[in-house]
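Chemist: Listed below, chain by chain, are the residues.
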Amino acid sequence: MRRKLPGLFALLLLGSGTARAGDDPVPALFGILRGGALAPGWSLAGKLEAFRGEGIYDYMDGAGEIPRACGFVALAAAPFRHQGGLEVTAEVLRMSSDADAFGISSLWRDPAARKVALTHRACLRGGELFSWRGAYAIAIREPRTGRLTADPAIALARALERRIAAAGALPSLLRCLPRRGCVEGSARYFHGKYALDTLWFRSDNVLRLGADTSVALADYSRPKGRAGVVSYPTKRRADEALEGWRRALGAARGANGAWLVDTREQHLGAFAAGSRIGIIFSAPDRASRQSLLDAVRAGVASPGPAWSDG
Amino acid sequence: MPPLDDLRRRDFLRGVAVAGAGLLGRRVLADDPRAKVVIVTCADSIKENDQADSGAVRRMMEKGICALAGVSDVEGAWKRFIRPGDRVALVDSGTWLNNVPEVVVEAMRGIRLASPQTASLTYCFHDDKKPDWMAQLRSGLQAASLPGEVLRGGVYTIPGKFHEQDFTTIVMTPTLKSHSICGVSGVIKHYATMSKQHVSVFHPNAMETCGMALGEEFNQHRHLVIVDALRFGKMTAGPQFYQKSLIFGTDPVATDVVALEVFLKNCTTGNQLPPDRHRTLAGTQYHAGISDRARIDLTELTV
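Going down the list, the protein sequences come from chains A and B.
Just so we're aligned, residue 0 is where the first sequence starts under numbering that gives the first Met the number 0, counting upward by one.
Just so we're aligned, residue 0 is where the second sequence starts under numbering that gives the first Met the number 0, counting upward by one.
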């Protein structure tokens with residue numbers, strides 16, 4: 000949620016929860032980065048850079064497609080040096096909303112990586128630490144050796160997060176997904192096809208994803224599989240997308256309006272409910288698919304409580 | 000058959016294929032000469048703190064180029080690929096998983112052994128972003144008695160300006176890493192980053208069209224690819240595995256196919272993107288080289 004803060008100083012230093020059209024996000028991003036120098040043992044080691052919109056390609060080229068598929072607004076980065084010798088780059092991304100900050104963080108993280116308690120559950124893997132707070136996602140990277148010393152990196156992330164006012168909330172679309180059996184740290188949220196490609200690749204945009212669609216999905220251990228919900232602006236768009244999915248995959252009609260695909264390795268399913276589609280992207284057997292279909296259908300009809308972590 | 004003749008023959012056959020489109024095209028390409036790729040591995044080449052042994056890298060470079068050329072004399076080997084009238088661009092690995100500087104230095108040293116007309120190290124805008132890396136590179140060039148004037152910024156920009164230059168030969172030293180939109184980056188994707196079009200044009204659908212840049216924009220150049228596989232990367236997280244190899248080839252597609260094969264032995268992509276897809280399409284759709292693994296002869300050596 001966006002907060003009103005008194006005074007220009009606070010506006011420059013404290014990030015808000017939701018981007019507003021016309022705001023220049025860079026002063027706030029720089030304010031957050033400068034906060035990193037307050038972390039014990041850390042100092043800024045170079046100049047601050049900022050990239051807005053498609054300018055992200057000048058910073059991370061193809062990898063920039065993933066933030067852009069998640070509601071990217073702007074990125075600022077700066078090198079930091081720790082007195083112990085560790086040198087990192089800290090990136091702060093301003094996303095369109097809290098949900099989108101969770102979203103890009105969810106795409107970057109690895110469910111198998113070490114989890115770190117910051118504002119929200121953060122992820123430390125190899126040379127990278129990912130966290131988010133409010134409408135901001137944070138990445139701390141040590142790309143030279145791929146090794147990041149945990150304690151100083153966490154202290155730096157914590158100092159950056161202190162400059163962001165609101166903690167932020169997870170996407171409400173996650174409430175349509177079952178919590179039971181969900182693999183910890185596996186929930187993802189995004190808008191565009193580039194992000195879906197990393198999780199379920201098809202060369203055609205069969206689900207007709209774009210900036211005005213939202214996807215929440217998660218992995219499940221019992222029953223096993225990957226399930227998701229796609230939200231469209233209208234029922235008609237959802238129906239068209241399901242029809243495209245059904246035709247492209249050659250799905251057969253199942254019970255309760257579901258469409259089913261059975262291959263030797265995977266069992267998929269999908270159904271439409273209003274402006275949403277529930278999808279089982281993969282399940283190892285028909286029984287698991289059916290259990291997941293039932294659970295997602297129940298969640299879409301009657302969303303559960305807000306997720307506190309994904 | 001000498002490599003230069005190989006290249007001329009392939010160009011000729013490609014021309015025949017185009018001229019006889021529909022009648023001979025695919026058939027002639029299917030009978031195209033086989034590609035040759037050489038892998039040289041040295042256990043002492045690099046430590047897992049990313050410190051390379053320049054002597055070991057030099058020995059790897061010499062062994063690889065000689066094996067690729069099929070001769071035992073190092074200078075003679077480089078001259079099989081670089082001619083006196085050539086204007087050579089040595090292209091570094093670009094951002095994120097930077098080259099081990101010693102690899103770039105040794106590649107430039109080899110190029111200059113062949114005495115081309117010009118040799119430029121067209122590095123990818125590291126001046127501001129990677130000053131430490133540039134300092135290491137300059138120091139390495141000096142230690143190898145190579146003039147700093149070979150460094151040439153402003154060509155390998157995004158989009159690239161190679162099309163404005165008169166280079167005859169591209170020598171490149173790409174690295175491989177798992178990648179969030181193409182599965183595993185490598186040689187073919189690297190050419191797309193050098194394109195006169197912004198590389199984002201090639202991004203959709205696991206970068207399925209990235210072979211177009213190699214097949215259409217760089218089809219008048221001769222190519223020597225030296226994959227810096229001393230270590231493989233994990234997206235933007237730095238090295239994930241110290242492979243300690245260099246991979247040599249004159250067919251960028253074939254070299255990329257082999258490099259991916261080596262990558263997948265010990266590394267993961269971390270996502271569901273098919274890393275072989277753009278490589279296969281580079282061969283089958285854009286006719287930029289040989290993607291059929293059955294037509295690639297592989298020589299594996301150790302130092």
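No lab work stands behind these hints, which were simulated from the structure alone.
Where hints are given, some of them may not hold.
Now the in silico label distances, taken between C-beta atoms and shown as ranges [what the hints assert, rightly or not]: (1) Ser-220/A x Asp-127/B: 26 to 36 angstroms; (2) Ser-42/A x Lys-160/B: 46 to 56 angstroms; (3) Arg-201/A x His-162/B: 31 to 41 angstroms; (4) Lys-46/A x Glu-148/B: 53 to 63 angstroms; (5) Arg-86/B x Ser-220/A: 38 to 48 angstroms; (6) Val-70/B x Arg-80/A: 43 to 53 angstroms.
With a cut-off of at most 30 angstroms between alpha-carbon atoms, the simulated DSBU-like pairs for lysine-lysine come out as follows [stated by the list, open to error]: (7) Lys-195/B x Lys-114/A; (8) Lys-78/B x Lys-46/A; (9) Lys-129/B x Lys-46/A.
Derived contacts from chain B toward chain A, CB cut-off under 7 angstroms, selection only [unchecked claim]: (10) Ile-180; (11) Ser-199; (12) Val-200; (13) Gly-237.
Computed from a predicted model, the values in this text were never measured in an experiment.
We put the CB at the ideal spot given by N, CA and C, even for glycine.
Chemist: So, for every hint listed, does it hold in this structure?
Modeler: Here's how the hints hold up against the structure:
1. Ser-220/A x Asp-127/B: 26 to 36 angstroms: Cβ of Ser-220/A to Cβ of Asp-127/B: about 46 angstroms, so the range 26 to 36 angstroms is violated.
2. Ser-42/A x Lys-160/B: 46 to 56 angstroms: Given a distance of about 37 angstroms, which is not inside 46 to 56 angstroms, the answer is violated.
3. Arg-201/A x His-162/B: 31 to 41 angstroms: holds, 33 angstroms
4. Lys-46/A x Glu-148/B: 53 to 63 angstroms: violated, 28 angstroms
5. Arg-86/B x Ser-220/A: 38 to 48 angstroms: Because 59 angstroms falls outside the window, the suggested range is violated.
6. Val-70/B x Arg-80/A: 43 to 53 angstroms: At roughly 48 angstroms between Cβ atoms, Arg-80/A and Val-70/B fall inside 43 to 53 angstroms, so the hint holds.
7. Lys-195/B x Lys-114/A: Roughly 42 angstroms separates the two Cα atoms, so the pair is violated.
8. Lys-78/B x Lys-46/A: The hint is violated at about 44 angstroms.
9. Lys-129/B x Lys-46/A: holds, 12 angstroms
10. Ile-180: With Cβ-Cβ at 5 angstroms, under 7 angstroms, it holds.
11. Ser-199: holds, 6 angstroms
12. Val-200: violated, 11 angstroms
13. Gly-237: holds, 3 angstroms
In the structure shown, a violation is registered for the earlier hints numbered 1, 2, 4, 5, 7, 8, 12, in ascending order.
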